[in-house]
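Please put together the full structure from these sequences, using the hints given.
Read off the chains here:
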Amino acid sequence: MRANCWYGKRDVRVEDVAEPRILNRRDAIVRITTTAICGSDLHLYNGFVPTMEKGDILGHEFMGEVVEIGPDVRNLKQGDRVVVAFPISCGKCFFCQKELFSLCENSNPNAWMAQKLFGQSPAGLYGYTHMLGGFAGGQAEYARVPFADVGTIKIPNGLGDEQVLFLSDIFPTGYMAAENCNIQPGDTVAVWGCGPVGQFAIRSALLLGAERVFAIDRFLERLGMAKEGGAETINYEDADVYDILMENTGGLGPDSCIDAVGLEAHVPGVIGAYDRVKQAMMLESDRPHVFRQAVLACRKGGTVSVPGVYSGFDDKIPLGSLMNKGLTVKSGQTHVQHYMQPLLERIQNGEIDPSFVITHRMRLEDAAEGYEIFLNKTADCVKVVLKPNETRAMTPKTNRLSKGEVFSDMQGDHSAFSKGGEAMAEEHEARQPYKCAVCGAKFDSQDQLQNHLKSCTQKKSQ
Amino acid sequence: MNLTRQSPGYEQERPRSIKSNASESLDGERLARGLGWFSIGVGLAEIVAPRRLARFLGVRNHGILFRVMGLREIASGVGILSQRRPAGWLWARVGGDIIDLVALGKVMKSEPVKPVNIAIATAAVAGVTVLDVRCAQEVSDGKQATDHTVKVKKTILINRSSEELYRHWRDFQNLPRFMKNLDSVELTTNNHSHWVAKGPAGKRVKWDAEITEDRPNEFIAWRSLDGADVENSGSVRFEPAPGGRGTLVSVGMQYSPPAGVVGATVAKLFGRAPEQEVEEDLRRFKQVMETGEIITTQGQPAGRSSSTSWKYDQAVRRASASAWG
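Which chain is which? The protein sequence lines are A and B, in order.
For what it's worth, my numbering labels the leading residue of the first sequence as 1, then goes sequentially.
For what it's worth, my numbering labels the leading residue of the second sequence as 1, then goes sequentially.
No wet-lab data here; the hints were simulated from the structure.
Errors might be hidden in some of the hints.
The list that follows gives simulated cross-link-like pairs (lysine to any residue, SDA-like), each with its CA atoms no further than 25 Å apart [said to hold, decoys possible]:
1. A:227 - A:347
2. B:311 - A:389
3. A:98 - B:163
4. B:151 - A:120
5. A:92 - B:241
6. B:153 - B:102
7. A:92 - B:248
8. B:311 - A:330
9. B:311 - A:310
10. A:77 - A:347
11. A:92 - B:186
12. B:311 - A:280
13. A:98 - B:160
14. B:311 - A:94
15. B:154 - A:94
16. B:311 - A:112
17. A:92 - B:156
18. B:206 - B:186
19. A:92 - B:229
20. A:92 - B:294
21. A:116 - B:156
22. B:153 - B:317
23. B:154 - B:175
24. A:92 - B:155
25. A:116 - B:151
26. A:92 - B:154
27. A:92 - B:175
28. B:311 - A:92
29. A:330 - A:378
30. B:153 - A:7
31. A:116 - B:162
32. A:116 - A:8
33. B:206 - B:229
34. A:92 - A:68
35. B:311 - A:7
36. B:198 - A:92
37. B:198 - B:276
Nothing here was measured: the structure is a model prediction, and the numbers come from that model.
Structural data, given as structure tokens:
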């Protein structure tokens, strides 16, 4: 089969590999219909997370059709359409029984390695380093799903792949980040990072009763998407984030702060250079600027929620602020299995359509290009989904699905799916020309918008 | 609960060849530390008051020579104090002593002004030399041939009752499923068993074992019988964990690796340390008891020639190399 493999820093390639087979009694094999590139895959792509090995198959957001099951899997059958949760969880240990699935004790064969680094090992993950199990990932035509009876959710007919795919990771991740904020009616929440997880955190915070959500990023298309989701936006390149947050909360600070950026924060100025140099010299594993800023901005007694990925040992963390302001920090890889059913219901009820976040649909074959576009945020990229069964090349420049265009595999069975695709294309078209995230004014080019946004944000902050 | 109690593996009578020299090496270390401070003291005296020292010995004031010798003393003192097993630095002290003795001997030959003082100094240096040699020998002995036994103790929490866990373990034939270095265990009688394990360089090692203590749902201890390829013993204790979280399983094992300490050290270099082996065995035991299987990645696809990583995935590889040596 074809699979997207990691070969080093900024080097991923789609190669021919063997097809997966059942290795444990609770395994299932899934033929993948849609898979995605996650922001956390970019940390691997950039080589910031240790214990990757040349040839590892990447990908932990995938769904498809069950083609084979192990003898001990009783709740699935061939032909079931399933979404796979990214943590591998046994369902039987102390943590799984508390529904803390990403902390499973029994799914990481290389637990000793993670234990050395973290003190104890979390669950094994698909395609996410050997320290976390070394499991082959899902950017491939097929994948083996260990503990498939616990790690999958069956998708009822009538829902398209793109509506449910993100139950595998980013929707529950954003949702858990918001839930960890313990939002009370009327709360203000600030979200650093408007990538896919940030987008879901924004919408989840509002679903959970937040009154105001501030969204912080520097990419206009992402700020625009956040604004569409109901957030007030802050471009951190134009203004001081702390100042704006204080001004808008009367000096109180947001009740909760969500760090949806993690270990590769981009910061202008001296602090940014400091972290970059330290990270490059391997004196610091992460660039924890967003976490620092979130701690300093957060309301006294508030919560800092961290869905962003960190990997090691960081410094200049304002523990003094954390302690003296009585903050709570909540974090963790997402307990996806705990959230899949309730969030599927929210999708079915029409409370949210997670496909809004998709900007690029590509063939699996073009995965390397997808990583590059996603990393550099070119072509307004927010989220890339990959189609293993798609053979036809996409429009080379933008790789965007234009209005009315549907993939070959969307025709036929999943009529709702192709409608979803069309609706998405329409929505994307509607975002053109460029619209100001703050006041809603429209412009023809990004440059014009950028110029406008400077004055627009300034006005707002005065 | 007494957290410092002896590991369960040591509760039984120890096999004869297993001797402890822990107290000996402790003495060696204490002596070494004393010599380290002595070095620094002498060195400081040589640096701070070379003239007085010269006057005492009745020789010309070789200021610079004394100071250099002082520096050498301080260096070896710091070296000894900063290392856990300072054999090298202790031998350096012995070398320094010989230089001192030679120097004193030369003074003696050239008809000294104060022969008594020179004699006193020579006697003092000779005494210290004896101490240095003894200490260096002891510490380097410790380095080359410490304890021939490998002892490991590990505890793991398993979300199952002590009855279930005891029952599974008591049937020794189940052990090879999660103890990677065991090929097979056969029960010959209720209390006797025949074990086959992976040895160094792909060899098989065999022994017969007997159960020495057996308290249902609580404790099992066993030991190899005479004629074993590898003399060894072990025990396992099952204790209910607080809060209904299952059972604390503590395993103690000791054995004399056939390739001796060199083998054990080589094994450690390749990441096959016995502590880690036992820990991983226990994790697999937990997996078997909690989930019914041992999760693996061996046989999965990858964009390279092998399905797992040689560097990282030892835990799932059924390799012929083993922790025994």
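Hint-by-hint comparison with the structure:
Restraint check: the Cα-Cα separation between residue 227 of chain A and residue 347 of chain A comes to about 20 Å, which is no more than 25 Å; the hinted pair holds. This hinted pair does not check out: residue 311 of chain B and residue 389 of chain A have alpha carbons roughly 33 Å apart, beyond 25 Å. For the proposed pair residue 98 of chain A and residue 163 of chain B, the alpha carbon gap of about 23 Å is at most 25 Å, so the pair holds. Proximity of residue 151 of chain B to residue 120 of chain A is assessed by CA-CA distance (about 23 Å); at most 25 Å being required, the pair is judged to hold.
With a C-alpha separation of about 17 Å, the suggested pairing of residue 92 of chain A with residue 241 of chain B holds against the 25 Å cut-off. For the proposed pair residue 153 of chain B and residue 102 of chain B, the alpha carbon gap of about 51 Å is over 25 Å, so the pair is violated. Annotation: proposed proximity of residue 92 of chain A to residue 248 of chain B holds, straight-line Cα distance about 17 Å (limit 25 Å). Between residue 311 of chain B and residue 330 of chain A the alpha-carbon distance is near 33 Å, which puts this suggested pair outside the 25 Å criterion.
Of the supplied pair hints, the one linking residue 311 of chain B and residue 310 of chain A holds, its CA atoms being roughly 23 Å apart against a limit of 25 Å. In summary, the hint linking residue 77 of chain A to residue 347 of chain A is supported, as the alpha carbons are separated by about 24 Å, within the 25 Å threshold. Taken as a hint, the residue 92 of chain A and residue 186 of chain B pair is broken in the structure, with Cα atoms around 30 Å apart against an allowance of 25 Å. Distance hint between residue 311 of chain B and residue 280 of chain A is fulfilled; the C-alpha atoms sit about 24 Å from each other, no more than 25 Å.
Of the pairs offered as hints, the one joining residue 98 of chain A and residue 160 of chain B holds, with about 15 Å between alpha carbons and a cut-off of 25 Å not exceeded. The suggested pairing of residue 311 of chain B with residue 94 of chain A is violated, with an alpha-carbon distance near 30 Å, which exceeds 25 Å. A hinted pair counts as satisfied when its Cα atoms are at most 25 Å apart, and residue 154 of chain B with residue 94 of chain A qualifies at roughly 19 Å. With a C-alpha separation of about 13 Å, the suggested pairing of residue 311 of chain B with residue 112 of chain A holds against the 25 Å cut-off.
Using a Cα cut-off of 25 Å, the hinted pair residue 92 of chain A and residue 156 of chain B holds, with the two alpha carbons roughly 16 Å apart. Restraint check for residue 206 of chain B and residue 186 of chain B: the C-alpha separation of about 11 Å stays at or below 25 Å, so the hint holds. Simply put, residue 92 of chain A and residue 229 of chain B have alpha-carbon atoms about 39 Å apart, too far for the 25 Å limit, and the pair is violated. Restraint check: the Cα-Cα separation between residue 92 of chain A and residue 294 of chain B comes to about 13 Å, which is no more than 25 Å; the hinted pair holds.
Between residue 116 of chain A and residue 156 of chain B, the direct Cα distance comes to roughly 16 Å. Compliance with the 25 Å bound is thereby established for this hinted pair. For the proposed pair residue 153 of chain B and residue 317 of chain B, the alpha carbon gap of about 23 Å is at most 25 Å, so the pair holds. Restraint check for residue 154 of chain B and residue 175 of chain B: the C-alpha separation of about 16 Å stays at or below 25 Å, so the hint holds. Of the supplied pair hints, the one linking residue 92 of chain A and residue 155 of chain B holds, its CA atoms being roughly 19 Å apart against a limit of 25 Å.
Our distance criterion of 25 Å between C-alpha atoms is met by residue 116 of chain A and residue 151 of chain B, whose separation comes to about 21 Å. Note on residue 92 of chain A and residue 154 of chain B: the hinted pairing holds, with a Cα-Cα distance of about 22 Å set against a maximum of 25 Å. A hinted pair counts as satisfied when its Cα atoms are at most 25 Å apart, and residue 92 of chain A with residue 175 of chain B qualifies at roughly 21 Å. Taking the CA atoms of residue 311 of chain B and residue 92 of chain A, the gap is about 30 Å. The hint is violated against a cut of 25 Å.
For the suggested pair residue 330 of chain A and residue 378 of chain A, the alpha carbons sit about 32 Å apart, so the restraint of at most 25 Å is broken. Between residue 153 of chain B and residue 7 of chain A the alpha-carbon distance is near 39 Å, which puts this suggested pair outside the 25 Å criterion. Note on residue 116 of chain A and residue 162 of chain B: the hinted pairing is violated, with a Cα-Cα distance of about 29 Å set against a maximum of 25 Å. Distance restraint check for residue 116 of chain A and residue 8 of chain A: the Cα-Cα separation of roughly 24 Å lies within the 25 Å cut-off, and the hinted pair is therefore satisfied.
Proposed proximity of residue 206 of chain B and residue 229 of chain B is supported: the alpha carbons are some 6 Å apart, at most 25 Å. Proposed proximity of residue 92 of chain A and residue 68 of chain A is supported: the alpha carbons are some 23 Å apart, at most 25 Å. Between residue 311 of chain B and residue 7 of chain A the alpha-carbon distance is near 15 Å, which keeps this suggested pair within the 25 Å criterion. For a cut-off of 25 Å, the pair hint linking residue 198 of chain B to residue 92 of chain A is broken: about 32 Å separates their Cα positions.
This hinted pair checks out: residue 198 of chain B and residue 276 of chain B have alpha carbons roughly 16 Å apart, not beyond 25 Å.
The structure fails hints 2, 6, 8, 11, 14, 19, 28, 29, 30, 31 and 36 (numbered hints given earlier, in ascending order).
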